[in-house]
Each structure stands twice: as C-alpha cells, then as structure tokens.
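Chains as they are written, first to last, in the working numbering: chain L, 1 to 427; chain R, 1 to 427.
Because the hints were derived from the structure by calculation, they are not lab data.
Note that this is a predicted model, so its numbers are computed, not measured.
Take the hints with a grain of salt, since some may be wrong.
For chains that are exact copies, the list does not tell them apart, and a pair is met inside one copy or across any two.
Only pairs whose alpha carbons sit at most 25 Å apart, straight line, appear in this in silico SDA-like list of lysine to any residue [stated by the list, open to error]:
| id | residue 1 | residue 2 |
| --- | --- | --- |
| 1 | 250 | 148 |
| 2 | 318 | 82 |
| 3 | 297 | 427 |
| 4 | 203 | 293 |
| 5 | 93 | 7 |
| 6 | 376 | 155 |
| 7 | 250 | 154 |
| 8 | 294 | 160 |
| 9 | 426 | 232 |
There are 2 protein chains.
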Amino acid sequence: MSLSANNPDRKSWLHVDKNSDFPIQNIPFGVFLTRDDIITIGTRIGDTAIDLGALHQLGYFDDIPLTDDIFLQDTLNDFIADGRKTWRAVRNKIAEIFDDNNDILKQNKKHKEIVLFRLDEIEMQLPVQIGDFTDFYSSIEHATNVGSMFRDPENALLPNWLHIPVGYHGRSSSVIPSGIPVHRPQGQTLPGDATEPVFGPSKLVDFELEMAFITTAANDLGEPIPIDEAEEYIFGLVLLNDWSARDIQKWEYVPLGPFLAKSFASSISPWIVTLDALEPYRVESPKPKTNQLKYLKYKGKKSYDINLEVSIQPQGAKETVVSNSNFKYMYWNMVQQLAHHTVNGCPVNSGDMMGSGTISGPTPESYGSMLELTWKGENPIKMADGSERKFINDNDTVIMRGYCEKEGTRIGFGEVSTKLLPVFKKK
Amino acid sequence: MSLSANNPDRKSWLHVDKNSDFPIQNIPFGVFLTRDDIITIGTRIGDTAIDLGALHQLGYFDDIPLTDDIFLQDTLNDFIADGRKTWRAVRNKIAEIFDDNNDILKQNKKHKEIVLFRLDEIEMQLPVQIGDFTDFYSSIEHATNVGSMFRDPENALLPNWLHIPVGYHGRSSSVIPSGIPVHRPQGQTLPGDATEPVFGPSKLVDFELEMAFITTAANDLGEPIPIDEAEEYIFGLVLLNDWSARDIQKWEYVPLGPFLAKSFASSISPWIVTLDALEPYRVESPKPKTNQLKYLKYKGKKSYDINLEVSIQPQGAKETVVSNSNFKYMYWNMVQQLAHHTVNGCPVNSGDMMGSGTISGPTPESYGSMLELTWKGENPIKMADGSERKFINDNDTVIMRGYCEKEGTRIGFGEVSTKLLPVFKKK
Numbered sequence: 001m002s003l004s005a006n007n008p009d010r011k012s013w014l015h016v017d018k019n020s021d022f023p024i025q026n027i028p029f030g031v032f033l034t035r036d037d038i039i040t041i042g043t044r045i046g047d048t049a050i051d052l053g054a055l056h057q058l059g060y061f062d063d064i065p066l067t068d069d070i071f072l073q074d075t076l077n078d079f080i081a082d083g084r085k086t087w088r089a090v091r092n093k094i095a096e097i098f099d100d101n102n103d104i105l106k107q108n109k110k111h112k113e114i115v116l117f118r119l120d121e122i123e124m125q126l127p128v129q130i131g132d133f134t135d136f137y138s139s140i141e142h143a144t145n146v147g148s149m150f151r152d153p154e155n156a157l158l159p160n161w162l163h164i165p166v167g168y169h170g171r172s173s174s175v176i177p178s179g180i181p182v183h184r185p186q187g188q189t190l191p192g193d194a195t196e197p198v199f200g201p202s203k204l205v206d207f208e209l210e211m212a213f214i215t216t217a218a219n220d221l222g223e224p225i226p227i228d229e230a231e232e233y234i235f236g237l238v239l240l241n242d243w244s245a246r247d248i249q250k251w252e253y254v255p256l257g258p259f260l261a262k263s264f265a266s267s268i269s270p271w272i273v274t275l276d277a278l279e280p281y282r283v284e285s286p287k288p289k290t291n292q293l294k295y296l297k298y299k300g301k302k303s304y305d306i307n308l309e310v311s312i313q314p315q316g317a318k319e320t321v322v323s324n325s326n327f328k329y330m331y332w333n334m335v336q337q338l339a340h341h342t343v344n345g346c347p348v349n350s351g352d353m354m355g356s357g358t359i360s361g362p363t364p365e366s367y368g369s370m371l372e373l374t375w376k377g378e379n380p381i382k383m384a385d386g387s388e389r390k391f392i393n394d395n396d397t398v399i400m401r402g403y404c405e406k407e408g409t410r411i412g413f414g415e416v417s418t419k420l421l422p423v424f425k426k427k
Numbered sequence: 001m002s003l004s005a006n007n008p009d010r011k012s013w014l015h016v017d018k019n020s021d022f023p024i025q026n027i028p029f030g031v032f033l034t035r036d037d038i039i040t041i042g043t044r045i046g047d048t049a050i051d052l053g054a055l056h057q058l059g060y061f062d063d064i065p066l067t068d069d070i071f072l073q074d075t076l077n078d079f080i081a082d083g084r085k086t087w088r089a090v091r092n093k094i095a096e097i098f099d100d101n102n103d104i105l106k107q108n109k110k111h112k113e114i115v116l117f118r119l120d121e122i123e124m125q126l127p128v129q130i131g132d133f134t135d136f137y138s139s140i141e142h143a144t145n146v147g148s149m150f151r152d153p154e155n156a157l158l159p160n161w162l163h164i165p166v167g168y169h170g171r172s173s174s175v176i177p178s179g180i181p182v183h184r185p186q187g188q189t190l191p192g193d194a195t196e197p198v199f200g201p202s203k204l205v206d207f208e209l210e211m212a213f214i215t216t217a218a219n220d221l222g223e224p225i226p227i228d229e230a231e232e233y234i235f236g237l238v239l240l241n242d243w244s245a246r247d248i249q250k251w252e253y254v255p256l257g258p259f260l261a262k263s264f265a266s267s268i269s270p271w272i273v274t275l276d277a278l279e280p281y282r283v284e285s286p287k288p289k290t291n292q293l294k295y296l297k298y299k300g301k302k303s304y305d306i307n308l309e310v311s312i313q314p315q316g317a318k319e320t321v322v323s324n325s326n327f328k329y330m331y332w333n334m335v336q337q338l339a340h341h342t343v344n345g346c347p348v349n350s351g352d353m354m355g356s357g358t359i360s361g362p363t364p365e366s367y368g369s370m371l372e373l374t375w376k377g378e379n380p381i382k383m384a385d386g387s388e389r390k391f392i393n394d395n396d397t398v399i400m401r402g403y404c405e406k407e408g409t410r411i412g413f414g415e416v417s418t419k420l421l422p423v424f425k426k427k
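If we strip away everything but chain L, and leave its shape as in the complex, we get (with noise of 0.2 Å):
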C-alpha cells in the first residue's frame, strides 16, 4: 500500500505553524479524554487535536474494514493489533479528509464542531497499556561514557557489548505520560566510604534522553522473528524520559539489573509518531566495528535522522537546553533490538515498549543524561537563572523534544515534559 499520506505537497484546511511538529504529514496516534469527559482515540493536525471515534461513527472510515469501537477505546492496542495494512489505510485516509482539496468534513461545520477540539480542551493519556517494558543500552558513545567513568576508560566496554544489543527488561506500570509529575524516589544507598547503606532520598536524580518504539503482536512462544521482517511489527515511537535514580542504581544494580533505580517513573511523550510518517528520515546505522551474528546482520537502512533536545526548567524560571543528540547515533538499531529480543523465542505484544537507551552522540553537548553531561557532577551546568546543576533539583521541569526536518517537511514528536517533586509525603 502506498504511503499517500507522506505526500510533501499536501497541505491541510487545518491551521499548521510552519514550525509545527504535527503537519498533515505526521497524522500520529494518541488518546485522550475530551471535554466531555469521553476517552478516544485521536490525532492531532496543527494544534487541532481530532476525534477518530467520532470520525469513525460518522462514517468517514467506512471504505476500511475496521470494527466499530476500534477507536472508541482506551488505549491504541487493539488498532495497533490490527497489522501495519490497517495503520497505513487509516493514516492515508485521515490525510485525504484534511485535504485542503477535499471539501467533506471542511465544509460541514456540524461535524466538525463534533470531531475537532482544541488542545486546551483535551487530556492526553498513555497511548498503549504497555504489556512489557524493555529498554536496551544501545548508544555506544552513552556505553563508553558510562564504562569510563566507573570502570577503565581504556576498557570503557565490556566484553559483550559490541556482539549483543544489551538490554534489560523494564517496569510498565510506573510508565506516564508527559505532564504527570514524578516524587524523587527513596531507597537504600551507600554513601561514601561507608560499610552499610542508608536509607533516604536519593541525591542523583537524573533524567535519561530516549526513544522508544511500540509494537504490534508478532509472534508465538518459542519463535525468532527474523531480522528482515522486523520492522513489520513496529507500530511507531515516543519519546521516553527514562528517569534514573543514580545513587540508588550504584548499590542495587550487581548483580541483577537496575531496578528501583529506574522504576519511579518512565515518562513518554504521548502522540506515538508511525514509522510511515518517518520514512522519509531513514538513515545508515553506524559502521559496525565487529563482525556481527547472522541474526543480527540486516539490509539497507534501519536508523533515523531525529533530531533530540533537552531542557531544564528550573520552577518559574526559564528553560535552557542542556542537550543536542539525535537518534541516529545509535549503534545498534530498532531491527537489531528486535530480533535479538526474540531469538530466544520470547512473544512480543501488541503495545509492548521497547526502549533505545540514553542517546548519547560522540560530542559532549549531545549527551543524553546529567550523568555524562557534567561528568558525574564535576562540571556542574551553568542555567539561565544563574543557578547550576549537577543533577536534578526539586521542582526542576525536565523537558524532551524532537523532529525530524527535511525539505522543507517537519515530522515531530512534540514533548515529554515531567515535573520532579519533592520526596513524596503521606497526608
């Protein structure tokens, strides 16, 4: 099927800034609660938010075989489910309704005083009941940072890195959407030259800049999927804030993982952006430095030009950006991640998220945590309200943005934006 909806040439009825995320190009998934208290499947054109329910229900689905409620739901796993033929139909249809050419819905203002909301007038909510968490550890620059610092930067990967996209399973249920605020975690933690740990709030809070891609169901119990049809099964991607407490990761990671470290908050942007729409920002992965195992080893090009930004917002102060990557740094890529996911035989879901790990580029301004970028707090960040940063401070807004640009077309992501609390307290 084509991928009508991608046409650079299309302009909407919708109002769209010229630097808009979300031109008639992107048309991304989301959910949300309306003002009349209704969850709903929608879009977004612009900063027109876009009821698919209610589009559906008035019929401008009806030449596409989709069940009835598909939109009427809570999350988007049910249409995810559904298989790439059915996103690309629905995506290509919205395109053609938006059509500055097409005059259907354009010139019926009854229907549209239904279907169109302004974004003050909407809710969003996580977009998919995410089955399993996985995040991966895939930025070479972010690995080699990390083994720097707490290992031998002669060494600075481990052994295994450069054969196996490292990846450990996550926490779903603490996954949020952006603009729900999140309390500085407590745990245990070792101070210093101390013997035993304390508990307490941790002092290393600290945001990790990811992406992340959401799936269809794929496969059974005991079945790879192979690397050539990987990409068949990846729905599109957010962007994640995969929040890291520091303090307590250093005393509880050996020798299971991470856990209570990261699992406080994951937070995610909420329009989930297809890869349909990214097409047109493919790129080459980097050049492996190893010879890589066959189920591992793909064709053509499997990364994307997306351009990343953190800031920080320091409570009623102005944010600075204090990080410029791009996703595009990755070593190992999405088709990589999945098959190696599954060659075990492990079944991926439909709404399963699978994390790229901390995006770190080869520059030390395109470091993708607070971590890196001030080099474990040696090099505090000077902000634009004079104060400084090693780590996260309470109330500090931390913000995620990213796009991709390319003659003259804009796809983005808009933002997670994700607020740290103080130590929560009982009332």
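Dock chain R against the given chain L, drawing on the hints supplied.
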C-alpha cells in the same frame, strides 16, 4: 471477617482423596476453558472443577456484593482488584455451598450438571494477565551457592545481598501455565576460552524452583506500601518454574542483568492458592544476619511452611525426584519484598506477579536448580531410567509440586509440569 473456609473439621459432599492438594479447606482460584469452550473463573475441590461464573449466575453468591460478570472473565484481575474482603467472602461462601451438611446444591442435580466438571473436561489457562513480573533472589542458600561457584566461596554473598531483597524485572509475555511445552532457546554464548561469541541452542537449560505471589492493586505512583500493610495486597501464591539458560545468561548478564536467558519461558501452576488458605502454615522467617533498615522490619510470622519437590521425567520413562525444598527457607519474605519494591513509589497493580527467586535449602538435596544440584554439572544426577542429567535434556518434562500439611489437613498447589522441546524449527 472470619476465615471460616479454613475450618479443619469441615468435609465436602464432593469426593476428596486422602492425599489431595485440594480439600475443601483450600479453595484456590483459577481460569479454565470448559467442555463448552467457555472461559470462566473457577475453583477446585478434590478432582472436581467448579464453574464460579455459572454458580454466580444461578444466584449462589447473591448475598455478596459482586458485579454480574466478575467470574465470567478470562483472567482473575478484576476479582483480585475487588480486595481481600471480597476474596474472603467468596471463599467462605464456597466452603458453605460444598459443605457436606449443606443440601442446597448437593441435592440440585440440574445445577450440579451446570457447575461441576471433571478435570479432563477442562483446560486450565493462565489465571491472571500479568502486568509486571518481578523476580527476587531471596534464598540465602541459592545466592551463596551461586557466589561460591562463580566468585569466591569465602565471600559468596555480594555486599548488598544482606541489606536488599535483590530483585529484577522479568518478562510477562512469556509466563505460561503448566502443560504448555517450551522450546530450547537459541542465543549467543561465549564458549570456553573463545573471545568471540557463537550462536546456537543453549546447552545449559535449567529449571529454577520458585514460588510467586500475585498482588492486588496496592498503591499510586509515588506512594510506598508500608511493610505492616503489605500482606493486605497479596492475593495468593503459585509454583513457578523460572526456566533459565545458564550459558546465555553468563554472556549477557553484565551489567544489566539476565534478559534472554530467562525470557523464553516462565511456567506457573494454574491454581492460585490464597494467602488465607495458607494461614495455618505460617512460620518464622530465618533470623536476619545483619541489622535491616527500618522499612524492611516486620512483626509476626511472615513465612510459610510449604514443602516443595522437583521431578524430571525423561520421555517415556518414570520421573525422578531431584530436589526437596521448602518455601520457609527464604531469607527475605514476601512483605519485605513488597515493601522494598514500592519504597521508591513504584505502583503495584492487580495481577502483578512476584517470584521468590530459586528456593534452595541448607542441604544439597534441597537445592532448587540443576546448576546447584549437580554443582555446575560436576556431579550428574542419576535418573530412575539409568540415564544421567547435568542439566535438562530435550523432551524431558520438569514437574514441580508443593503442599503444606499440619494436623491432618493438606493444602497443596497441584503441579507445574513443562516439557522441554527441541529448538524451534520453522515449518
């Protein structure tokens, strides 16, 4: 509310074998497919499965506030979310209905035909949709054995082990009920003195003898569960065979923990035995060897005396018991695990599953994995059919069983039985 269902003197009008795991004092909960291809929630007395959906429709639970479809579901999640008061009321009512002195259902042939099933007429399903699966590492004997084998017998426990109920996030999508066979996983391993990994079938597939508890929804994001409230949120327990590929694990697990070595399958027994049913079998936990932080300090008996057994059955041969252990050996108990898991504010939902980690006892015959029982394969186990096992062979079936017994009442878990098939081959 009283635990009248536990009355040891009660007899059922349903036949119960003397050594049955499922006397009327048990009343576990599960989900099964009936002879009419309907999924329902049920319980079991002796070798009779009872359709609770049908019983409820027939009015037998009318004096308990329950939604009409609470048992007509394909998972127990909603029932579990109703909370402990409801679980107790339903369990007490079931005990009444099947009490030998109660003629109402006993004398109603038509109703009995609707609600009662022989075990060969039903197919047990996964009892819950597992939102998140956490696996702990709470047996001091297991941690000591592993540390002795792979690190230093003099310093077998890692520095954090006596302070933290160490755990990690597992994979929910590959949790399966007893009876579903599992393929030997493939993956990367680093052979002997090689410097480059190879790809192929795992050569060291092992079981891990565990139990797991299932939770109800407990807390909001950010809000810890105090240890003295933790028990409120534990619905019940199952047997868990946490399949492990030792060679894959060895190469992949540093620094983020086990991943593909575990996520190919985790098998559980299908009947959830409630914590209420286990009440008579409470025992003290092992005495802490160090001072534990305040949030991990508890009062009372929080461990349970549950006899555990593992058998291996080669294809077409008799089974051989290879391990006899007990759940009471766990150094860290369930309330400590749950308090620790949420101390950072991580939310726990209805249907989450938390594994104990391998349950090894103090004696070599009580070790909970082949890794320990054969000491890395150095001391193969002799099987009844004359063959030997270092790890699990293709077409072996691993069977775990568990039960409590006291003053003539036996409460058991049935079994989790899983056949290991050869590597998956695409047809």
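* Asked: Are there hints from earlier that the structure breaks, and if so, what are their numbers?
  -> Per hint list: single violation, 2.
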